[in-house]
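Heads up: the sequence lines are chains A and B, in that order. Residues 1 to 445 in full-length UniProt numbering are what the first sequence spells out, letter by letter. Residues 1 to 445 in full-length UniProt numbering are what the second sequence spells out, letter by letter.
Where hints are given, some of them may not hold.
[Stated by the list, open to error] Covered, in the sense of this in silico footprint (three residues per stretch, anywhere, with C-beta under 8 Å from a C-beta of chain B), are these stretches of chain A:
1. 235 to 248
2. 277 to 283
3. 353 to 359
[Claimed, not checked] Dumping the calculated DSSO-like pairs for lysine-lysine here, alpha-carbon to alpha-carbon at most 27 Å:
4. B:K393 <-> A:K432
5. B:K261 <-> A:K257
6. A:K139 <-> A:K105
Hints were generated in silico from the structure; no laboratory data involved. Backbone N, C-alpha and C define an ideal beta-carbon position, used for all residues, glycine too.
Protein chains: 2
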Amino acid sequence: MEPRPAAPGPCPGDSRGAEEAAAASSLHPAEAQPRRRAPAVAAVLPAGGSGERMGVPTPKQFCPILERPLISYTLQALERVCWIKDIVVAVTGENMKAMKCIIQKYQHQRISLVEAGVTRHRSIFNGLKALAEDQPDSKLSKPEVVIIHDAVRPFVEEDVLLKVVTAAKEHGAAGAIRPLVSTVISPSADGCLDHSLERARHRASEMPQAFLFDVIYEAYQQCSDYDLEFGTECLQLALKYGHINAKLVEGSPDLWKVTYKRDLYAAESIIKERISQHICIVMDTKEDENHVGHHLEEILKNELNHVKVTSGALCPTSRDLEQIILEQCYNYVCVNVMSSDFEETRKLLNMLEESNLSILYPIVVISVYFLDYKSVPFDEKMESLIQIREYAKEVKKRNILLSGLLIYFPQDEQKLQASLRQGVTIIATLIKERNSGLVGQLLVA
Amino acid sequence: MEPRPAAPGPCPGDSRGAEEAAAASSLHPAEAQPRRRAPAVAAVLPAGGSGERMGVPTPKQFCPILERPLISYTLQALERVCWIKDIVVAVTGENMKAMKCIIQKYQHQRISLVEAGVTRHRSIFNGLKALAEDQPDSKLSKPEVVIIHDAVRPFVEEDVLLKVVTAAKEHGAAGAIRPLVSTVISPSADGCLDHSLERARHRASEMPQAFLFDVIYEAYQQCSDYDLEFGTECLQLALKYGHINAKLVEGSPDLWKVTYKRDLYAAESIIKERISQHICIVMDTKEDENHVGHHLEEILKNELNHVKVTSGALCPTSRDLEQIILEQCYNYVCVNVMSSDFEETRKLLNMLEESNLSILYPIVVISVYFLDYKSVPFDEKMESLIQIREYAKEVKKRNILLSGLLIYFPQDEQKLQASLRQGVTIIATLIKERNSGLVGQLLVA
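Can you build the whole structure from these sequences, using the hints too?
Set out below in structure tokens:
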């Protein structure tokens, strides 16, 4: 899976999304213009749920994954789509303060908060009202198309958002669907099977959904209290009050909704996997080509062949390391020259701290030493160990997970290969687990 | 969550299950007997699926979790229910050999293998035929009630199995259900919303299901080819051919089906969590009460208050450690007296190897040393390090994950508390992650 760009706000170079949405907007000849125009799109995110199904006190949209609340990942997924102009989040009064902290801490952009209602529909309605009202002091303006998504579906991709928006432009309403995993049955009053539905003829209605703003807003204005209390399905409102048969769009498995505790486990594993796909080996350019660090790089590439391994130099003239940081690489293996000195690692840590990259995900840094501990007095190594523990404590506050790796460096070529492979196993483990419990350790290969 | 008993075959002391099932069997006055009789129950497990939804080449029931195939966990869950007499698994010819290896390696009991059909229904039918036939050479006999379960639902608990069996005895058929997570909709021919179903009036049909054997077997014998090719729902067959409205039993979230890759992640996390709920501190009984090892135990109890922490002594006269191993504790913290000698750890490792406990789950063993590395020449510690790496390599072959933990032992009471807490953090991490990549390491607190 591709790691999604982490930096909120500014958009990825290619504005494919915007263009295709523009193309979509010109599907209606009446609207065709010499200069294509992307539809004004906003998103509404109901986040007032209590998450009773999760079996945990915290509402699930606020449950932490790698110490960051789930909803922040969902906001990040919407923010990186530059043609979504505004994102309106409906949260309960008691969570309003927490939500503001989240927006500030993770530097979320284009977010407006509204008070959630007592039900999902009422929360969505409040979000729509905020977009409809043209108050002078409001920075929100009425969009042409509105996306409705769940705060607990963090893995939504731009392509499905684009598909539902494009379909909503044409049909008035659109929603993502998935095949049913289980057969759906209808119970009788006495708790027995009345009949089972044919799986092939039914689908699960998922999120995101998109609507022409006027269609869904008018539908909500006509809603009965019963709808607002007991309904959940926006497509149904568009059908009932707007007489619009929503276009159904096949979604990917990524759209799944974090519902149970097990889903939090799954989400954490998926996120860890996504940010572990790129490892950067940082080496002093003064090193000669035959330096063992290059052997390590080779073995990393061979053993972790599903992972992208690049190398970056620390010398100020070369810009490649800065580029790699900009590309949001969250894993660094820093090869130190033979000494207990931390010069290279310190330089790297400074660059990472300045980049603010670790705001969204923990960065793993592994500081590697090659030496023959039989020949070197061990006190030195204990010095290194004590040093690295201090550094680790320090940078952990900035969400950087630093550990040391001592690679035994025998003259025997075969033994060297063995300890290099062992080193790669340790590196892979530290990156995969991304667990702060082992920071500051000096591991030995 | 309670860790489920791991040892297959022999039953847990309380045969609650059998008794309640017996009670159930006497629900029909006609069958009431002076001596209550449990119904003869067998289980059929269709495991012929290809797992295309998983997006991985291996069929999902054979995907490894902690290096053990998923289906082995499901068999374990059924085996520990002693009133299930036979478990018939339907696997494709190409997987027959692999399945036999799994049964042997993990010492599964009461399993019979039959050839899977090309569809789920045909596989189940083959399983039922094997139970129906009374061949002299067959060790299978026709059960009164048959459970049908999925190979990819490893977390099924005894209580729900008992509920469906009891209900099947009374109604002829029964199945577990769950609330719908998403709204179910019906698409029109042109891929638009035709109508959406009222969530409250529908349920997801899950597994396990149970049937009076004759009811489901006769239903399968009457099945059309269309049923066998395109049907999936056994309850529907009982209704269509047996005119039996199955009793619906509310199931727990545990019943979920491993369908996508993310479900494998979730399953692994759940299993890791379950086997991390009990930690045993092993200490030499010769230690006095004030030994720092007891402080460590105290802090473990305080910091990991959701975990059961017990202590076991190695002296041959005391049986408590053997008892703890019998209770299937998968986590051991072995406190060594001040030396680089491995005596205690070696004793523990021998006991664990003899117990065969690690057949089903990897055991974590953390060998703890207390010492002031400022006062002791470091070579000794390197000796320990090299020793522990050798032991670790050795016992890893037996699925035991051994690491060392050096706890800095300053005179200053406050500093000591700090390093003990740090030690507990490392212990918790090693137990939680249960990753073989760090075995043989000597970590420092």
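Going through the hints against the structure:
For the stretch 235 to 248 of chain A, the stated coverage by chain B holds: 7 residues have a C-beta nearer than 8 Å to a C-beta of that chain, and at least 3 were required. Judged by the Cβ-Cβ criterion of 8 Å, the stretch 277 to 283 of chain A is not covered by chain B as claimed, because only 0 of its residues qualify and three are needed. Beta-carbon proximity to chain B at under 8 Å applies to 0 residues in the stretch 353 to 359 of chain A; the threshold of 3 is not reached and the given coverage is violated. Only pairs whose Cα atoms come within 27 Å are accepted, and K393 (chain B) paired with K432 (chain A) is accepted, the gap being roughly 21 Å.
For the hint linking K261 (chain B) to K257 (chain A), the alpha-carbon distance of about 15 Å falls within 27 Å, and the restraint holds. Restraint check: the Cα-Cα separation between K139 (chain A) and K105 (chain A) comes to about 22 Å, which is no more than 27 Å; the hinted pair holds.
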